[in-house]
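Respectively, the protein sequence lines represent chains A and B. FYI, the numbering for the first sequence is 1 to 484, going by my numbering. FYI, the numbering for the second sequence is 485 to 582, going by my numbering.
Think of the hints as simulated: they come from the structure by calculation, not from any bench. Do not take every clue at face value.
Unchecked claim - Listed next, the in silico EDC-like pairs over lysine to aspartate or glutamate satisfying Cα-Cα at most 16 Å (straight line):
# : chain 1 : residue 1 : chain 2 : residue 2
1 : A       : K379      : B       : E535
2 : A       : K413      : B       : D518
3 : A       : K385      : B       : E535
4 : A       : K413      : A       : D145
5 : A       : K413      : A       : E353
6 : B       : K577      : A       : D321
7 : B       : K577      : A       : D340
8 : A       : K379      : B       : D518
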Amino acid sequence: MSATSPASLTIHELRTRLASRAVSPQEVVDDLLARMERLNPRLNVYAAIDPDRLRQQAKAASPIRGRLAGVPITVKDNICIDGELTTCASKILAGFRAPYDATVIHRLRREGAILIPRANMDEFAFGSSTENSTYGPTRNPWDLDCVPGGSSGGSAAAVAADVAIAALGSDTGGSIRQPAAFCGIVGLKPTYGRVSRYGLVAFASSLDQIGPLTKDVTDCAWLLSVIAGQDPNDSTSAPVDVPDYVAGLQQPVKGIRIGLPELSVEGIDPEVHRAIQDAITVFQRLGCSTVPVTLPNIGSAVATYYIIATAEASSNLARYDGVRYGRRVSGDNGQGTLLDMYERTRDQGFGAEAQRRILLGTYVLSHGYYDAYYLKGMKVRTLIKRDFDDALARCDVVLLPTAPSPAFRLGEKIDDPLQMYLSDVFTISANLAGVPALSVPCGFSSQGRPIGLQLLAAPFREEVLLRVGYAYEQATEWHRQQPE
Amino acid sequence: MTTISPDVVTQVARLARLRLDDHAAAHVTQQLNDILAYVRQLQAVPTDGVEPTSHVLPLSNVLRPDESKPSLPQTSVIALAPATHPPFLAVPKVLEAG
């Protein structure tokens with residue numbers, strides 16, 4: 001592939017070339033389509049591709065009007081686009097066409113973006129490997145035997161393999177950051193309330209956020225500037241001004257205090273540990289200082305998360321009952337009762353992991369177990385949030401690995417849900433505490449699999465994350481590496 | 485809190501409107517017990533006097549003026565349903581024959 005193939009460009013590079021008419025929106029879309037045709041059969045990053053629809057959008061696109069004029073943005077299959085299929089990679093939403101645009105989609109359109117539905121994902125975002133999809137697993141562009149991470153694995157792999165310019169995903173416990181790390185790209189989970197959730201199919205409403213998956217930090221800032229902001233349609237979106245994140249990137253990082261939590265190295269892959277240590281040296285060379293911090297309750301994060309997230313999920317997924325939308329399965333030639341229809345629809349519509357989470361969530365909320373599990377989980381969540389409040393009072397950003405290991409092999413964890421859950425050990429606490437967190441490429445394992453570092457900041461301090469991430473990116477070459 | 489039995493799982497499945505056959509119930513019971521055994525580590529975390537967090541933002545009672553606004557047209561919403569009897573949704577009979 002030539003280095004100037006439009007599909008390989010970042011948003012900011014593409015904007016420059018579109019504005020100067022060096023390339024047209026049609027050429028960009030045609031190049032992406034050609035790559036999709038070649039690579040999607042192997043990678044399975046898109047659940048469906050509609051070339052005509054994309055070409056129509058490209059033809060209608062202005063190359064100049066808007067911050068994303070003529071720029072294609074790939075969208076995860078759980079974000080509603082008016083008139084398009086939105087299925088959350090679930091059989092139960094087979095054939096569902098969204099009747100309205102999510103707020104983030106409205107904002108992308110307003111800035112002139114071309115929308116590319118539908119990036120593959122774990123069903124209802126339940127998973128860390130994109131293996132729980134009715135469309136089959138997505139593969140990691142760096143190693144086809146490995147998972148791309150999840151649940152936004154389709155979005156991450158598409159960006160890494162240049163079958164996307166940039167993508168939107170959603171992050172409930174690491175679903176943007178962990179696949180970004182596994183695929184060697186940049187991913188941001190914004191502060192809870194920074195980006196409207198209107199039109200995002202709900203998984204766990206107190207944890208879910210939409211965010212960007214991009215080729216570099218500049219694109220991440222670019223896309224966040226477009227999608228962030230309060231929205232009357234989401235009462236949990238916060239009344240906080242949106243700064244120009246791109247303009248803030250070049251601010252100096254000298255004197256930034258980087259908090260280093262004491263972590264038990266046990267359970268962290270030695271190559272990941274080494275990459276993080278090397279990154280610390282880079283930050284010190286950039287003039288940042290390091291501060292030891294403690295997160296005493298981080299070890300409880302996975303357990304807390306799998307109570308709270310499954311409780312909220314079981315409640316949110318009660319709406320899929322074969323009545324208002326999606327798929328219905330009736331028994332006895334349609335002569336069965338309503339209850340029979342509910343059970344058949346949900347049994348055949350939900351995959352194994354979705355059923356497991358609904359069961360677990362229903363159990364922890366049920367009479368007699370509520371105090372021991374759900375209430376306890378909410379109290380420990382308070383402690384985890386306090387840990388971050390305390391740590392971030394003493395430093396500007398906290399540095400953690402994004403994932404405890406590089407990408408694992410397909411099938412390796414699929415039959416062991418607990419092991420799969422533990423792959424989110426470093427990402428989950430940001431969702432529980434509501435703080436923003438950015439994953440940036442920071443190296444490769446000896447087998448050539450990408451490694452990511454994670455920066456966390458106080459609520460609504462995304463500009464600090466992006467500034468520090470940008471400085472690190474400028475000082476290193478990891479983000480320039482390309483899969484074969 | 486000890487382990488949960490397949491009977492409890494079957495009961496929870498019924499509450500969640502899922503249909504688990506005996507084989508599936510046995511398999512998922514094992515997995516749920518593994519997860520619950522892990523989750524029970526929280527019992528060792530002292531939380532006396534700690535308020536629960538259901539939501540991280542310091543927001544409460546978000547209000548807007550009480551004015552009606554247009555909503556999605558009924559026809560386009562009804563059209564999403566797997567079975568309809570316009571302008572209604574159609575469902576199987578609710579009561580058992582008896």
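A quick look at each hint next to the structure:
For the hint linking K379 of chain A to E535 of chain B, the alpha-carbon distance of about 6 Å falls within 16 Å, and the restraint holds. Restraint check for K413 of chain A and D518 of chain B: satisfied, since their Cα atoms lie roughly 14 Å apart, inside the 16 Å limit. Of the supplied pair hints, the one linking K385 of chain A and E535 of chain B holds, its CA atoms being roughly 12 Å apart against a limit of 16 Å. For the given pair, K413 of chain A sits about 13 Å from D145 of chain A by alpha-carbon distance, which is consistent with the 16 Å threshold.
Our distance criterion of 16 Å between C-alpha atoms is met by K413 of chain A and E353 of chain A, whose separation comes to about 12 Å. With a CA separation close to 15 Å, the supplied pair K577 of chain B and D321 of chain A stays within the 16 Å bound. Taking the CA atoms of K577 of chain B and D340 of chain A, the gap is about 10 Å. The hint holds against a cut of 16 Å. Distance check on the hinted pair: K379 of chain A and D518 of chain B sit about 22 Å apart at the alpha-carbon level, beyond 16 Å; violated.
Hint violations for this structure: number 8 only, all remaining hints satisfied.
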